[in-house]
Each structure stands twice: as C-alpha cells, then as structure tokens.
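Chemist: Listed below, chain by chain, are the residues.
2 protein chains.
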Amino acid sequence: MREVEAKIVLSDCTLLEAVEDRVKRLGGVLRGEVYEKDLYFQHPCRDFAETDEALRLREEGGRCTLTYKGPKEGGRVKSRLELNVEVGDCDAAKGLLERLGFKPVAVVAKKRRYYLLGDVEVALDNVEGLGCFVEVESKRGREEDVLEAVRMLGLDRFPSTTKSYLELLLEKMGSGFRVRGGEASKGG
Amino acid sequence: MREVEAKIVLSDCTLLEAVEDRVKRLGGVLRGEVYEKDLYFQHPCRDFAETDEALRLREEGGRCTLTYKGPKEGGRVKSRLELNVEVGDCDAAKGLLERLGFKPVAVVAKKRRYYLLGDVEVALDNVEGLGCFVEVESKRGREEDVLEAVRMLGLDRFPSTTKSYLELLLEKMGSGFRVRGGEASKGG
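Residue numbers (my numbering), protein chains in the order written: chain A, 1 to 188; chain B, 1001 to 1188.
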C-alpha cells in the first residue's frame, strides 16, 4: 500500500553487474526477470503535475495492472501511497480510461531483475532511453530498512533521486511536458 | 461492444414465471442464475447525467467487472457503446476510482436468471427496491432480433423503457439526484 524506496542512479550500465554480485554475496535471492511496459495517463480534470499523483497501466508477461500513486511524502527516501488493481486486459483498460477522459502521456519500458534481500526488494533496472538504476524498496514500508540496505550494498556513494522514471524521461525528452517535483504532465 | 436491448416492465413479479415458461417452450436454454451487485459512479468533472454515460463496478460470484457505457443512441430499442474490463478485486478498484475523484452514486442489486434464445439473451430480473423486468438483448447488436424476440415472447403488450435500473431507482427514491434521459447523477 505504501511505496518506500530509494532510486540510485548508476553512471554506467556495466555497473549493474557489480551491484548484482554484491546483492548475491549478501544473500539476495533472485525473484525474477521481467520486461515491464508502463503507460502513464493524465487525469481529465486534475493536473497530476500539480497534485503529484500518477495513474499507470503496467503490462508484464501477459498480465496487466492498474496503479494509482499518491503524492510523495516527506522523508529521506521516496514514500507514497500506491494502490494496485489487476485488470484482465491492458488494451481494454486503456480504451475504457480514454473514454473517461484520461490521456496517455508517455510509455516507460524497462528490463528489471529483482532480488529479495532480507526485508527489502532490490531491483536492477535498465530503462529504455534513460540508462540503469537500482531501486531498493522496503517490503514493510520502513525507511530505515531501505537506508541500511543502500549502505550495505555500497550504493550510498552514487547519486540518488526521488524522481520517477516518467519524470526523468520527460525531462530528458525536453518535451512540452511540465515537471514539478512529482509525476509529469502536458503543460497547459 | 454495443449493447442493444429492450427492457420490459412487468406489473407483477409473479409474471416472471409465465415468461420463463414461454422462453423454455421456444427453446431457450438456461445459462445461469446470478446475483449482481452494481455500484455506479459519478465522474470527477463530467456530469454523466448531461453526457448520458455511466461507469459501473459489478460484483458477481466473486468476480468483478468495470464497465463504461456510452450515450444512448437513437432507435426503437436501447443501444449504446459498452466497454468491459475484468478487475481482480472490486474493493481495490473502488478505492482506486475514489482516489481519482469518482464518487459512488448508488447500488443496484438484482437476481437474474438468463436464457439464450437463438441470437438473443433473455434476462429475467428481480431488482431490489424496483420490481421485476425482462431484458432482451441481441448478441449480434441487431435491433430487429430484439424486436422479434419481444414479439415472439408476447412481451409487446407490456410497457417497455429505455431507462437504466440506476435511473429508475433514483427516480423512485425521489432523491436529490437529477435524471436526464440517461444515467443519473447528484444534482449540483
């Protein structure tokens, strides 16, 4: 329900392998490798850039999940409400959302290998058009678990960001999309 | 995708049995008996009473379906766009929709026995707080199939309505909800 995570920016995708070795040495267990295609929407009458919310359809391995993310909360790591609903079919859900006035904003696609390491999940992400990142997320919603894992993995010497991939992608595209602390949206 | 149906208003629920006998004599095949609980929503910034649209979460036998209905089109029977998406969990979907600003308007609950009769589906409905109805829907989206089945079943001597159960229920409740040809919504 609550997403509490740190996002580490790797300067180079070849670093992913070293991080993965470290995760394994610390006892991390590979949980899966997935290709996730995320479609983000803008609200019909609420500016998600202002409200710092997000609505996303995620397609992965033939499954589709609709996710709402609430505004980011204060703290040293990224923390926000996250509500997930499985849906039967991403295309049908997209069509229905569009009828309700939600507008597709951008697609974020990534290859992710994720490990369970104690009480945190460590995701090794290669994001199309953006580069490589490590996300460390607490399964118990505890900020201290995230910070400890980041330290143990030696990731505290890399820069981190509280921005979402959507936000980073739209920034990089230098599009007409406005970005304001949270998710991004088409500028009015 | 397109809902094309006639809704017959029975003056008395005891008439359901006679209609069912007739459906069976004509070769109708019972497809199921269900208890459907439908929760209707109002749009965060669009007046569904004005636009004649509807958004519904239907719970039935542990399954949940999200449905969008478009404005009713002209014709002798009720015809409108209908988009359905299966969702994993009605409570989770309701929570997510509410976060997006959709507001629950009313619940329509009914017991339905439905038959397949040639190219039409005949539903025998007992709607809580409203009474009994027969819905005849074309599986091929053809108005003439609906009209023929209504005639064959001897239902053309009963009144019919193009109003939805939601609309009929809100009218009966005499609530502060405004009703305008289509679905209903809370008056401003």
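One or more hints might be untrue.
As the list claims (entries may be wrong) - To give a feel for the contact side, a few chain B residues facing chain A, derived at Cβ under 7 Å:
1. L1010
2. P1044
3. V1085
4. C1090
5. G1095
6. Y1114
Said to hold, decoys possible - Negatives, chain B to chain A, calculated, CB over 10 Å:
7. E1020
8. L1030
9. Y1035
10. R1046
11. L1081
12. N1084
13. E1086
14. D1089
15. R1099
16. G1101
17. P1104
18. G1129
19. R1151
20. L1155
21. K1163
Unchecked claim - Non-contacting residues of chain A with respect to chain B, defined by C-beta distances greater than 12 Å in every case (computed):
22. V19
23. R25
24. H43
25. E53
26. E60
27. L66
28. K69
29. G70
30. D89
31. G95
32. E143
These are calculated hints, taken from the structure and not from any lab test.
Ideal Cβ positions, reconstructed from N, Cα and C, are used throughout, including at glycine.
Chemist: Each of the hints needs a verdict: does it hold here or not?
Modeler: Hints, verified against the model:
{"no.": "1", "hint": "L1010", "verdict": "32 Å, violated"}
{"no.": "2", "hint": "P1044", "verdict": "6 Å, holds"}
{"no.": "3", "hint": "V1085", "verdict": "5 Å, holds"}
{"no.": "4", "hint": "C1090", "verdict": "9 Å, violated"}
{"no.": "5", "hint": "G1095", "verdict": "6 Å, holds"}
{"no.": "6", "hint": "Y1114", "verdict": "21 Å, violated"}
{"no.": "7", "hint": "E1020", "verdict": "32 Å, holds"}
{"no.": "8", "hint": "L1030", "verdict": "26 Å, holds"}
{"no.": "9", "hint": "Y1035", "verdict": "21 Å, holds"}
{"no.": "10", "hint": "R1046", "verdict": "7 Å, violated"}
{"no.": "11", "hint": "L1081", "verdict": "8 Å, violated"}
{"no.": "12", "hint": "N1084", "verdict": "7 Å, violated"}
{"no.": "13", "hint": "E1086", "verdict": "3 Å, violated"}
{"no.": "14", "hint": "D1089", "verdict": "6 Å, violated"}
{"no.": "15", "hint": "R1099", "verdict": "5 Å, violated"}
{"no.": "16", "hint": "G1101", "verdict": "7 Å, violated"}
{"no.": "17", "hint": "P1104", "verdict": "15 Å, holds"}
{"no.": "18", "hint": "G1129", "verdict": "28 Å, holds"}
{"no.": "19", "hint": "R1151", "verdict": "34 Å, holds"}
{"no.": "20", "hint": "L1155", "verdict": "32 Å, holds"}
{"no.": "21", "hint": "K1163", "verdict": "21 Å, holds"}
{"no.": "22", "hint": "V19", "verdict": "33 Å, holds"}
{"no.": "23", "hint": "R25", "verdict": "37 Å, holds"}
{"no.": "24", "hint": "H43", "verdict": "7 Å, violated"}
{"no.": "25", "hint": "E53", "verdict": "8 Å, violated"}
{"no.": "26", "hint": "E60", "verdict": "14 Å, holds"}
{"no.": "27", "hint": "L66", "verdict": "7 Å, violated"}
{"no.": "28", "hint": "K69", "verdict": "9 Å, violated"}
{"no.": "29", "hint": "G70", "verdict": "7 Å, violated"}
{"no.": "30", "hint": "D89", "verdict": "6 Å, violated"}
{"no.": "31", "hint": "G95", "verdict": "6 Å, violated"}
{"no.": "32", "hint": "E143", "verdict": "23 Å, holds"}
Going down the numbered hints, you'll see the structure goes against 1, 4, 6, 10, 11, 12, 13, 14, 15, 16, 24, 25, 27, 28, 29, 30, 31, while the others check out.
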